[in-house]
Amino acid sequence: MNVEVNGKSREFVSGGSVLDLLREFEIDPRMVVVERNREIVRRDALDLVEVEDGDRFEIVQFVGGG
Amino acid sequence: MTDERIDPLEGRDPMVIADRSFASRLIVGTGKYRSHEETVEAIRASGAEMVTVAVRRVDLDASKQESLLHHLDPEEFFLLPNTAGCFTAEDAVRYARLGREAGLSSWVKLEVIGDQETLLPDTEALLEATRVLTAEGFTVLPYTNDDLITALRLEEAGAAAVMPLASPIGSGLGLLNPLNIRLLKSRLSVPVIVDAGVGTASDACLTMEQGVDGILMNTALAAAERPVLMASAMRLAVRAGRAAYLAGRMPTREWAVPSSPSTGMLD
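Each protein sequence line maps, in turn, to chains W and V. Residue numbering for the first sequence follows this note's numbering, starting at 1 and increasing by one per position. Residue numbering for the second sequence follows this note's numbering, starting at 67 and increasing by one per position.
Only chain V is shown next, with the shape it has when bound in the complex (with noise of 0.2 angstroms):
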C-alpha cells in the first residue's frame, strides 16, 4: 500500500496528453549543458520522460562528434523536436517533418518565433502551422504566449496541448501572470503546459499551484550552478506544487485568525 503521508502522488497522477500518458509532469530541454553526461545525468534527476530535441545541420567537418542520441536512449525519454529557430510557418513545417523521421513519433514541440529579441511566438503563423501538421496527422505542442483567444484557436486547430509561456524564453523571470495561465487552463479541453521563464523550485511549484498539467523547462537547469541538484529540486518543486494544488489551499484573509484555542486560558 502506498504511504500517502509520504507521496500522495507516487504513480497516481500521470499527465496524459494526446494517447500518452507521461509519469512526470515535467518536461526538460537539452540545449545548454556543458556536456552530454551532464545532459543525461539531470535529466535523469529531474525526473522527467519527455525531453525535447532540436534538429540542426551536422558539421560535415566534425562528423565523428558524438551525437547526443548516443546518450539520450529513446527506450528510455520520449523524444520530443522541436522547431525552435523558425520564423515561418513554412520553416516550422519542414522542421518538424526532419524530426519525424530523425525520431520515433509524430509528435512535435512547435515554435514559430515572431521576434529575435524577445523570442515571442507569431501567432498567426502558430496557427497556420499547427493546422498544416495536424492534418499530416502530427501531436502538435505548440509554443505561444498566455492569450486566452490565440489559445482557444490553437485547440480549435487541432493542438494537442497549448504550451503558454511563464516569461521569456531563458529569462527565468517566473510566472508573470498567473491570472491569464489560470484562466487558460479553465478554458481549455487539451492539457496545459506551462514553457518557457521558470527560473527556480519556487517559480515550477507556484506555476503547478495554478493548476495546470505541467511545465517545460530546460535554461533554468541548464544555467544553474549545480544543474543536476536543480534538476532534483524541480521535480519536487513541481510534484510539491501539483498535490497543493490538489489538495486545495486555505483561503487568504487579511486578519489574523489564532490557531489554538482561545478558550481555556489561565485566570
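Chain W on its own, in the form it takes in the complex (with noise of 0.2 angstroms):
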C-alpha cells in the first residue's frame, strides 16, 4: 500500500501496524513519535493501531535546539 511519510510518498511493503511501518524503515520506536493523520499514536498503541491506504504519517525525534 502507499502511504505518505514526513511530506514524501512511500511503498509499505509488509503492511500490518504503525510498529511494522517502523521495522520497514529500520526505526528504533523508542526514539520517536509518530502522528497519524494528525494525531498522536501513543508508543503503547503502535502495535495496535493499523496502517491504512493513503495514511499520512509524521515521525519525528529529538534533535539539538535551544
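Treat the hints with care, since some could be wrong.
[Stated by the list, open to error] Sample of chain W residues at the chain V side, in silico, Cβ under 10 angstroms:
hint : residue
1    : Val5
2    : Ile27
3    : Arg38
4    : Arg43
[Unchecked claim] Rough simulated footprint, nothing fancy, chain W against chain V, three-plus residues with beta-carbon under 8 angstroms:
hint : segment
5    : 140–153
6    : 161–168
Derived from the structure by calculation, the hints contain no laboratory data. Backbone N, C-alpha and C fix where the C-beta goes; we use that ideal spot for every residue, glycine too.
Two chains, two separate frames, one set of hints: put the complex together.
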C-alpha cells in the first residue's frame, strides 16, 4: 500500500501496524513519536493501530535545539 | 560544614520552577554543536540539569544515524522540548504535544516566532498557545520579549515561568535592557528566566546580577571557539552573578571615597 511519511510518498510493502511500518523503515520506536493523520499514536499503541492505504505519517525525534 | 568563603551557594540556592527544583540556575540548549559528544561534554561543564531539545522529522534515508537521545541520558538531564521554528499557536501546540509524547514530562519551552529576520515572538499567538497548553496540563515556559505587560499576561495565562530575551536569539549582544528585566522580576510571582542573547560570561554575570532566577543559553556555548571551556565559564559567571545579587552591591557614587583611613597620616 501507499502511505505518506514525512511529506514523501512511500510504499509500505509488508503492511500491518504502525510498529511494523517503523520496522520496515528501520526506525527504533523508542526514539521517535508518530503522528498518523495528525493524531499522535501513543507509544504503547504502536502495535495496535493498523496502517491504512493513504495514511499520512509524521515521524519525529528529538534533535539539538535551543 | 560548607565553607562559605569558597562557595556560599553550594547546594543551598536551588532554582524552583513549578514543582521541580534544579541545583543549577543555568539551562542550556543542544543546538549547533559540532558533534553529540561535544554537546554532552559542554552540558556537563556548564553544570546545567535542564537542557532544551527540538522536535524534527526523522530523516528516513539516514535513519541509522545516532539519535541525540543516545547521548542525553534522561536520568542525568531533564529534557525540555521546545517549539522552535513555529510561527502559529496551532503549530506550537502540535509540536508541544509531540515533545510531550517523546519525552518524560509535560514541560515545554514555548516559542511562537512572529518574524523570521529578528525571531522576535508573536506575543498574541504566544498567549493563545500558553492558555491552550496550560489547560492541557503542560508546564509552560514561554520565550517572550522584555515587555512587562506581555509578561504579566503570560503569568495570568498560567505560564510556570516567563522567559524574556536579553537580546535577539543567537545574536550574542548581551543584556540590552537591564531596566526592563528588573521591572519584570519585581512584578512577576513566577520565576523569570532570561532566554537568548547572552554572548559571553560577563553578559551572564550581569544578567544574574539583576536578580533573575536563571538563564537559558545555547549559541554562546555552541558557537564559542572552545564550547566546553565557555560552558565552564558560564557556570562560574551564573553563580558569581547570583552571589553578587544576593550579597547586595555597594551604592555607586560620583566622587571618590578613600578606602584607607584619612587619620594617622605623618606630619
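Status of the hints after comparison with the structure:
1. Val5: holds (6 angstroms)
2. Ile27: Hint holds; Ile27/W Cβ to chain V Cβ min 5 angstroms, cut 10 angstroms.
3. Arg38: holds (8 angstroms)
4. Arg43: At about 7 angstroms, which falls below the 10 angstroms cut-off, the nearest Cβ of chain V leaves the hint on Arg43/W intact, so it holds.
5. 140–153: holds (count 4)
6. 161–168: holds (count 5)
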